[in-house]
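> Under my numbering, the first residue of the sequence shown is numbered 20, with each subsequent residue one higher.
Keep in mind the hints are simulated off the structure, nothing from the lab. Built from N, CA and C at the ideal position, the CB exists for glycine as well. Be careful, since some hints might not be right.
As the list claims (entries may be wrong) - As a list, the in silico DSS-like pairs of lysine-lysine whose alpha-carbon atoms are at most 30 angstroms apart: (1) K134 x K148; (2) K71 x K148; (3) K179 x K148; (4) K113 x K148.
Said to hold, decoys possible - The following label-pair restraints were derived from C-beta to C-beta distances: (5) E130 x L41: 44 to 50 angstroms; (6) F43 x N97: 30 to 36 angstroms; (7) L37 x K71: 57 to 63 angstroms; (8) V35 x F181: 55 to 61 angstroms; (9) D189 x K71: 18 to 24 angstroms.
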Amino acid sequence: MPSSSKPFAVGKRHWVILAVWLSFTYAAFAYVVNKQLVDFDPSGWLATTSHKVIKESLEANLSINTQGRSVVHFTQANCHCQQFSDRHVESIDKLANKADFNISRVELSSETASKAMIPSTPAVAIIEKGELVYLGPYGAGVGCSEVSGFAQTVLNNVAKGFSDNILISDAKGCYCQTT
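Just need the whole structure built from these sequences, with the hints factored in.
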């Protein structure tokens with residue numbers, strides 16, 4: 020007995036439903052991602068502050084030795100973003116050990132963070148010959164991926180003899196604001 024049912028045909032209505040569904044899915048994904056991306060320096064004061072002023076603030080308020088070569092990792096309690104920087108910390112510590120840098124970790128409170136001019140965590144400072152050559156996040160983007168690791172690039176350059184004073188204020192990623 021021959022079948023009387025027609026083969027399934029994709030009509031215009033199906034394409035419209037698919038397009039609406041894909042658009043909704045994309046919009047929902049973009050919304051969730053943008054909610055997780057925050058500014059590292061929302062007030063923008065790192066962009067208007069001298070690296071020398073920040074270095075002096077680190078010395079005075081956090082008792083950080085800024086002579087010689089140092090890498091300082093900044094964290095704060097209950098920052099859910101710290102988990103995304105663990106690979107960066109390991110990579111930076113490995114590079115720093117090879118290049119004979121002192122490595123330290125500072126857990127910030129909201130009071131010490133504002134005095135030391137650290138707008139968000141996780142963050143890192145790199146000091147070379149008494150100069151603050153980098154202060155900013157480990158990376159940017161969702162999960163602050165290792166691919167976009169600002170600090171590793173700066174540390175590699177410093178280890179090779181190239182340095183500049185870089186304060187990263189314009190980055191979006193997973194950061195916990197300190198103020």
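> Starting from the hint 55 to 61 angstroms, judge whether the C-beta atoms of V35 and F181 obey it.
At roughly 56 angstroms between Cβ atoms, F181 and V35 fall inside 55 to 61 angstroms, so the hint holds.
> If you check the beta carbons of L37 and K71, does the distance land in 57 to 63 angstroms?
holds, 58 angstroms
> I want to verify a distance hint. Is the separation of the beta carbons of E130 and L41 within 44 to 50 angstroms?
holds, 48 angstroms
> Given a hint of 18 to 24 angstroms, does the C-beta separation of D189 and K71 actually sit inside it?
Given about 20 angstroms between the Cβ atoms, the range holds.
> Does the structure keep K134 and K148 at a Cα separation of 30 angstroms or less?
holds, 23 angstroms
> Take a quick look at whether K71 and K148 sit within 30 angstroms of each other, Cα to Cα.
holds, 13 angstroms
> For K179 and K148, compute the direct alpha-carbon distance and say whether it is at most 30 angstroms.
holds, 14 angstroms
> May I ask you to test the hint 30 to 36 angstroms on the CB atoms belonging to F43 and N97?
Holds: the Cβ-Cβ distance is about 34 angstroms, inside 30 to 36 angstroms.
> Check the hint pairing K113 with K148 against an upper bound of 30 angstroms on the C-alpha distance.
Answer holds: K113 to K148 is near 20 angstroms, not above 30 angstroms.
Checked against the numbered hints given earlier, this structure breaks none of them.
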